[in-house]
Structures are given as structure tokens and as C-alpha cells.
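Could you put the whole structure together from the sequences, leaning on the hints where they help?
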Amino acid sequence: MKNIKYLLMRRVTQTLILVLYFGANAYGWHMLEGTFGSSVLIGRIPLADPYTTLQVLSTGFVLGADVLLGALIVLFFYMIVGGRAFCSWVCPINMVTDLANWLRRKLDLDREEVNYRFIKRRARYWIMVLGLLVSVATGVAAFEIFSPITIMQRGIVFGFGAGGAVIVAIFLFDVFGVKNGWCGHLCPLGATYSLIGKASLIRVDHDHEACTNCMKCKIVCPENQVLHMINKESIMVTDGECTNCGRCIDVCDDDALGFNIRNFANSGKK
Amino acid sequence: MANSNNNRRKFMATTLQSVGLTALGGLLWSGYSDEVKASPLVLRPPGALAEEDFLKACVKCGLCAEACVNRDSNKKKDGTKRDGTLKMAKGGDHRLIGTPFFIPTEIPCYMCEDIPCVPVCPSGALDMPSLLDEKQELDINKARMGLAVVHKESCIAYWGIQCDACYRACPIQGEAITIEHHKNERTGKHAFLLPIVHSDVCTGCGLCEKACVTEKPAIFVLPIDYSTGRAGDHYVKGWDKEDQKRVGKAKEIHTKNERSEKEAADYLNMEVEY
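Chain order of the listed sequences is A and B.
The first sequence runs contiguously to residue 270 in this note's numbering.
The second sequence runs contiguously to residue 1274 in this note's numbering.
It is possible that some hints are incorrect.
Claimed, not checked - Residues of chain B clear of chain A, computed beta-carbon distances all greater than 12 Å:
| # | residue |
| --- | --- |
| 1 | Asp1139 |
| 2 | Ile1140 |
| 3 | Asp1240 |
| 4 | Gln1244 |
| 5 | His1254 |
| 6 | Tyr1267 |
To be verified - Derived list of chain A stretches under chain B, where covered just means 3 residues or more per stretch with a C-beta under 8 Å from a C-beta of chain B:
| # | stretch |
| --- | --- |
| 7 | 39-47 |
| 8 | 56-63 |
| 9 | 66-74 |
| 10 | 136-148 |
| 11 | 156-168 |
The hints are simulated quantities; they were obtained by calculation from the structure and are not laboratory data.
Fair warning: this is a prediction, and the values are worked out from it, not measured in the lab.
Think of the CB as a built atom: it goes at the ideal place given N, C-alpha and C, for glycine as much as any other residue.
So this is what it looks like as C-alpha cells:
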């Protein structure tokens, strides 16, 4: 049980959120209505996706106050819990790409020779900016027209249609194309949340003294460049690209990793 | 020195590559984005902004569709509910993905008096003020989701067969669709009872289309842009003082080409050329 604690918690959270969204449409529940683009929590609190909001604003449309307020609420929430906590604790695509990752390991596709690394991890930031520019140019929220995240979520709430193909495509890309290809290289939403979470409060902490340098954490980490301190120094993972998924903590046999509250006074200075 | 030169060259090359690939991606993405916008024959929920603005504004959250399907009036006596009018466009629907729309022949808009789908819209894509009457109360009759059009040749009422299915189904009965009586010259003793749609009243709810008895409905709702023309300010009703004022807005147009040099009669008798 110990080594899947956070994994289980994440799956429960992700599923619960989807169930609530599903129930809003299917049974008229008022717990979590709408979709990620814009939602209503317990019938009154507005929530909105910051990147969607930026895209719509980029088209030149002056959005309603509910969306703006909702985006601010979401923004502050993820500034505390870690921007990309959205990616690993909420986003349904995470379940697809985690499955793809697991399959890669099982099929032994992770070896260098079958891992196409033709895309840089920073591509997502370019795509994020590009999405806004294309929104300006074409007058439509550009990422939302093919975002597998909302396609999957709407699929679960309203029915998939041919949109399921996008999810399959992401899966195939991640299994046979680039490792962590979608979430770790391309997704502009994840890029946005990386920026939002740059200074977040909750972070993974590394204890160099306890570490036996087994590297299990680096193998399982979807963004393993953020674990650069392993076997080097006892500092926190401060990189915004860390999704706070907790898999590294799960797989660590030495208690060398754990969630902690960020100490701004000392961070990055040790 | 050589090393720093190499580094600079590498930096320049990778920067150039990133910019180039971004430009490539931008072109493809813009092209795709522009294409998917073009699904003109789509009916939007009540109060929707003009299509161009609607596509900008909609955040694709689905709150309207959820309000539609879960409205009280949609519950059957046994507590179960029917499908909602509003669908969220998904892959294969050939409408901008994630945007709400409806298909009258499947489920028309029932024009709920409290219009549950509109106040829940957080973005302003469904414009509530456009549906408010003088008392600042919601009035579904102000909705203009589309405009019903009758295809005379397939409407059996125009054949002389008695049918007023659309007239009866219309929620603004006797106003949005009226029945005009004309003499049936073929029989000499019967009347045509012809449905006439009035565009100043019709909301485009599609109940007529749903009710139409012909195999493919002879009355159907089109988006207003596609079911209306526009006379422009060069044509005014000379007998209507108010309307006559519009001519003031008309801009002078001087067309100078081969046709315009001809006398009016010659011009009108010319073949239409391009």
C-alpha cells in the first residue's frame, strides 16, 4: 500500500471530480457544474480555467465577471497547491498518459533507441504563446478547438462522439512517440500551470542524507529534470514543471522525499 | 574565442529553428482554426451573440446544456427526464467543438418562460440583456435563434391539402405563423390554407420543423443570416416617413465600368456578365 498512496489519492480525486461533473449533467447535482473552461462549485462559487480565459480575452471579447473571478480563484488556488497539481490531481488526460507511460515501461520502450526525442520540453511554452496569438488572429479560443483535456471531460459529461479519437491519438503518441510527449512537451495548459505554480507553497522536499541514490524516483517521474537535486543536495523541488503528483514520494524506499511547505526564506540559496 | 563563436552560432541556429517552427505551427494552427469556425448552418441557444462574436465568447463550459436538460419542465411524471434541446458539439458534429447548438428535427427549443439556459452563462456568449423586456424580466419571445422558412413546393398546404401542423405547433400561435386563405383555382371550390412565417415574431425555436408532416420538413429553421436578405439604405419605403430617413445613411456609390456607360434600357437588356 505504501508505494501507491499518492497514486491512489490522485485517482480517487480525479475520478470523484469527474463523477461530480458527470452528475451535474446527468442528475442535476449542484456540486460541480460545467466543465474546466468554466464551472460552478456548490451552486455559487465560479471557477474558470486561466488559459481558456486568456484565450477568450485574446480574441478581443470582454468576458463576463463570473469567468474573470473564477479564473482568479483558480489562479490563487494553484499558486498555493502547486500549479501543475491540476495536471496530476484533476486533469483526466493524466490517467491516459500515465497509462501510456506504464505501458512504455512494460513494453521496454523507454530505452533510448526507441524514444524519439525530437521535441523539446520547452515546446509547450511556445505553444502556449502561439495559442494566444492564433486566438488573436482567428477570433476563436485556439487551443480549445482541439484540447484533448476538455474533449475528454466533455466526452465523459456529454458523450464522446468522434472526439474519442483525440484521446486515442494522445495515448498512441505517448506510448510509441515521445515519452511524456503530450503532458511533458506539448500541452500549453500544463505550461500555463507551470508558470502559475512557480512560486507555489506546497512542494516536494528532498533529504540528501537519507537518499541511497536508487534513482527509482527519476525513473517514475514524468518531469524528471525537476529532480536534479537527487544525490546532490537537500533542497526542495522548486521547478514549476513538477506536477506534485507524489509518485517519487511513493516509490522512495528511504523516506528521502516528502511534501513540505516551501520555505521562501531559504529556498534556492542553500 | 572559437568556442564562444560556436556557442553563438548554435544559439542563433536553435533560436532560428524555434522561431521557424513556431511560424509553421502558427500557420497550420490558424488555418485549422479558421476552418473549424466555418460551420454556418448552426442554431445557437436563445440570446446567443451573432455567430462571429459567439465563437469568440463561448468558453465551452456546457452550463447552458446542463440547465436545459435539468430544467423542471423537462421531468416526466415518473421522475425521469427527456434529453435536453442543447447539445455540446463533439467530434463528428461538424460544428465548433464544445459549443452548444440544437437540431430542431431532433429536439426543438421549447421556449421555457424562465429561459434556464441563459442566466447560467458565465461568459456573456448568451446575452441576457437582449432577452429582457421593458419590465427587465426575461422574455423568451425576444429570442432570435433562427427564422423558419417554408419551401412552398414541398409544403402540402401549397398543394391544396389541408395541413396546419406547423401553425398548431407554433408556441406564438397566430403571430409567428399565420394561415392565409387563397382560392384553389384547380378545383374552383376549395381554399389553400397557407402557412406564412412572420420574421418579426418568429424566434426560430423549431417546433414547426419538428411538427412538419412531410418526409423532409417543408418548413425549417435557418440561422437568421441565412434566411434573411437586406435591402440596404438605397431602397426605402417612400410612403413611410420614418423609413425614408434611412436614405440619409446611404452612401453614394459610383460604379464605373463598361455597363455603366450604357443607356439604362441598353443596360437592363444586356446579358448578365461577370
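Annotated coverage of the stretch 56-63 of chain A by chain B, confirmed only when three residues or more have a Cβ within 8 Å: holds (count 6)
Interface-negative label, isoleucine 1140 of chain B against chain A, beta-carbon threshold 12 Å: Given a closest Cβ separation of 21 Å, the condition holds.
Assertion that glutamine 1244 of chain B lies farther than 12 Å from chain A (Cβ): Since the minimum Cβ distance to chain A is about 36 Å, glutamine 1244 of chain B lies beyond 12 Å and the statement holds.
Proximity test - 8 Å, beta-carbon atoms, the stretch 156-168 of chain A to chain B, at least three hits: n = 10 at 8 Å, threshold three: holds.
Proximity test - 8 Å, beta-carbon atoms, the stretch 39-47 of chain A to chain B, at least three hits: holds (count 3)
Minimum Cβ distance from histidine 1254 of chain B to chain A greater than 12 Å, as the annotation requires: holds (33 Å)
Within 8 Å of chain B (C-beta), three or more residues of the stretch 66-74 of chain A: holds (count 3)
Stated coverage of the stretch 136-148 of chain A by chain B [criterion: 3+ residues, CB within 8 Å]: holds (count 9)
Tyrosine 1267 of chain B non-interfacial with respect to chain A [C-beta, more than 12 Å]: holds (40 Å)
Given as non-interface: aspartate 1139 of chain B, partner chain A, CB spacing beyond 12 Å: holds (21 Å)
Chain A versus aspartate 1240 of chain B - minimum CB to CB distance exceeding 12 Å, so not interface: holds (37 Å)
Checked against the numbered hints above, the structure breaks none of them.
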